[in-house]
Amino acid sequence: MENVLSILFCLTLLYIVVTSRLKTYVSILRTQGILLSAIMVFPFINHLSVHILIIPITSFIVKAVIIPRFINKIVIDLDVKRIVEPSIQPFNFLLLTVASMSVMFVSAHVLSGFTPIEPIPFASAFSAIIVGIYIIIFRKKLIVHVVGFMILENGIFLFGTSVAGEMPTIVELGAMLDVFVVVFLMGITINKIRSTFTQQDVSVLGRLKD
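Quick note on this note's numbering: the sequence shown kicks off at 6 and runs consecutively.
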């Protein structure tokens, strides 16, 4: 089941590189949060406990509820244009993503013969990291960069579950707190930029001079 959920996670990555609607970006973030929470629960489905459920529940609340709502609030408050303007053609972006994901899956299959890793979650995790970086590079809007950062972090989170069945609770809670604080601060930063620039594209930042 973990492999099925990881494949669904990969499908959300393919969808996000071809969509041009900001609302869809936020919906995919919410979907990924749900999938990650489910992936963390299934390995322990036969012996659930309060301790085991702390991380999945916290992950669901932060990744699938709080952060998507916060990003939606930023979009509404700043009246951000709902269409995402790419700096690369969607088809080329899709080809680049598919090629990168293919390399990750082949590499994970090879590595699984030498190290005890789950190849599909492992490849899905690195695919999310790469797609998150691509979104930050090839998308213009600052708010979309926040989404790209969140997708990158989701990949890191999934990577942790693919190389180890259980991570220290305090470490994972600390990581999610860091993510929440970073997204919160990025929202404040975008608000400040809005007070100076009428647009939220990173291209306008090129006008800044010393």
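If you are wondering where the hints come from, they were derived from the structure by calculation, not from laboratory data.
The structure presented is a predicted model; accordingly, all values stated were derived computationally and were not measured.
Hints may contain errors.
Claimed, not checked - Here are the simulated DSS-like cross-link-like pairs (lysine-lysine), alpha carbons at most 30 Å apart as the crow flies:
id, residue 1, residue 2
1, 28, 78
2, 78, 145
3, 145, 28
Stated by the list, open to error - Pair by pair, the computed Cβ-Cβ distance ranges are:
id, residue 1, residue 2, range
4, 116, 93, 25 to 31 Å
5, 66, 108, 32 to 38 Å
6, 92, 13, 27 to 33 Å
For every residue, glycine included, the Cβ atom is placed at its ideal position computed from N, Cα and C.
Here's how the hints hold up against the structure:
| no. | hint | verdict |
| --- | --- | --- |
| 1 | 28 - 78 | holds (12 Å) |
| 2 | 78 - 145 | holds (19 Å) |
| 3 | 145 - 28 | holds (16 Å) |
| 4 | 116 - 93: 25 to 31 Å | holds (30 Å) |
| 5 | 66 - 108: 32 to 38 Å | holds (34 Å) |
| 6 | 92 - 13: 27 to 33 Å | holds (28 Å) |
In summary, the structure agrees with every hint in the numbered list given earlier.
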